[in-house]
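Please put together the full structure from these sequences, using the hints given.
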Amino acid sequence: MEFNFGGLVPLSTVDWRGRSSAVIFFNGCPFRCPYCHNFRNITASNPADSDEIMKKACASLGFVSALIFLGGEPTMQEKALTEMAAKAKEKKMAVGIHTNGYFPETIGKLIEKGLADKFFIDVKAPLRASAYSKTTGIPEDPEKPVNAEKAVSRIRRSLETVDESAAELEVRTTVFRGFSGSEEEIREIAETLKAIVKHP
910 MEFNFGGLVP LSTVDWRGRS SAVIFFNGCP FRCPYCHNFR NITASNPADS DEIMKKACAS
970 LGFVSALIFL GGEPTMQEKA LTEMAAKAKE KKMAVGIHTN GYFPETIGKL IEKGLADKFF
1030 IDVKAPLRAS AYSKTTGIPE DPEKPVNAEK AVSRIRRSLE TVDESAAELE VRTTVFRGFS
1090 GSEEEIREIA ETLKAIVKHP
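Going by our numbering, the sequence shown opens with residue 910, and the numbers climb by one from there.
Just so you know, not all the hints are guaranteed correct.
Said to hold, decoys possible - Keeping only pairs whose Cα atoms sit at most 25 angstroms apart, straight-line, the calculated SDA-like set for lysine to any residue is:
hint: 1; residue 1: LYS1018; residue 2: THR991
hint: 2; residue 1: LYS1059; residue 2: PRO939
hint: 3; residue 1: LYS1027; residue 2: GLY927
hint: 4; residue 1: LYS988; residue 2: ASP924
hint: 5; residue 1: LYS1022; residue 2: SER1062
hint: 6; residue 1: LYS1022; residue 2: THR1070
hint: 7; residue 1: LYS988; residue 2: MET963
hint: 8; residue 1: LYS1043; residue 2: ILE951
hint: 9; residue 1: LYS1018; residue 2: ASP1072
hint: 10; residue 1: LYS996; residue 2: GLU961
hint: 11; residue 1: LYS998; residue 2: LEU970
hint: 12; residue 1: LYS998; residue 2: ALA1075
hint: 13; residue 1: LYS1000; residue 2: SER1074
hint: 14; residue 1: LYS1059; residue 2: ARG1081
hint: 15; residue 1: LYS998; residue 2: PRO919
hint: 16; residue 1: LYS1053; residue 2: ARG1037
hint: 17; residue 1: LYS998; residue 2: ASP960
hint: 18; residue 1: LYS1053; residue 2: SER1042
hint: 19; residue 1: LYS1001; residue 2: GLU1021
hint: 20; residue 1: LYS998; residue 2: ARG928
Honestly, the hints are just simulated from the structure, not real lab data.
If you're wondering where the values come from, they're calculated on a predicted model, not measured in any experiment.
Right under this line is the structure:
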């Protein structure tokens, strides 16, 4: 299957604490975070064959026990992500998904099919439209197809979906001094998570 491929790291010891992992990057993201360190993956187009990329990722099997999908936003490409996660599970690899949480339906389908062991959800700001608009670069205007109000609602659903499943959940945020991640914002995120996440 062809997908928009962003890159491959054959061996990582930092993307999943306690595991050595191979990492596959997906291009494309609905957000436009001004501080994004993977900014080249946001709008890039690089069609690649998923089977070929999986062969390269699985070549590290003697050294890794997990495969991580990140981006960009891997859940934007549901079909390719599902197919590749299934192949990883066939190889007895644990599967981790780094996501911004914007596509709860994809997350739910992966869980339903038993294709993900852990989700790393990046809550980029307090779950308010104004805060998310500032941090992610998407508009507050509800008429826009991608907007901050919709993002906040979807991220809440993603958190709830993972929390109610057997998959492991790790919530992250980004501190960019002077722009996002102030002490007050982190406290607000933590308080919101207490109300959403019932099974820490």
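Hints and how they fare:
1. LYS1018 to THR991: 9 angstroms, holds
2. LYS1059 to PRO939: 12 angstroms, holds
3. LYS1027 to GLY927: Given pair LYS1027, GLY927 holds - Cα atoms ~13 angstroms apart, limit 25 angstroms.
4. LYS988 to ASP924: It holds: about 23 angstroms lies between the C-alpha atoms, which stays within 25 angstroms.
5. LYS1022 to SER1062: Since the Cα atoms of LYS1022 and SER1062 sit roughly 24 angstroms apart, the hinted pair holds (cutoff 25 angstroms).
6. LYS1022 to THR1070: 14 angstroms, holds
7. LYS988 to MET963: 14 angstroms, holds
8. LYS1043 to ILE951: Holds: LYS1043 and ILE951 sit about 17 angstroms apart, inside 25 angstroms.
9. LYS1018 to ASP1072: Satisfied, since the Cα-Cα distance of roughly 14 angstroms is no more than 25 angstroms.
10. LYS996 to GLU961: 12 angstroms, holds
11. LYS998 to LEU970: Status holds; Cα separation ~12 angstroms.
12. LYS998 to ALA1075: 16 angstroms, holds
13. LYS1000 to SER1074: OK: LYS1000 and SER1074 at ~23 angstroms, within 25 angstroms.
14. LYS1059 to ARG1081: 20 angstroms, holds
15. LYS998 to PRO919: 17 angstroms, holds
16. LYS1053 to ARG1037: Distance of about 17 angstroms is within 25 angstroms: holds.
17. LYS998 to ASP960: 14 angstroms, holds
18. LYS1053 to SER1042: It holds: about 12 angstroms lies between the C-alpha atoms, which stays within 25 angstroms.
19. LYS1001 to GLU1021: 18 angstroms, holds
20. LYS998 to ARG928: Holds: LYS998 and ARG928 sit about 16 angstroms apart, inside 25 angstroms.
Violated hints: none; the structure is consistent with every hint.
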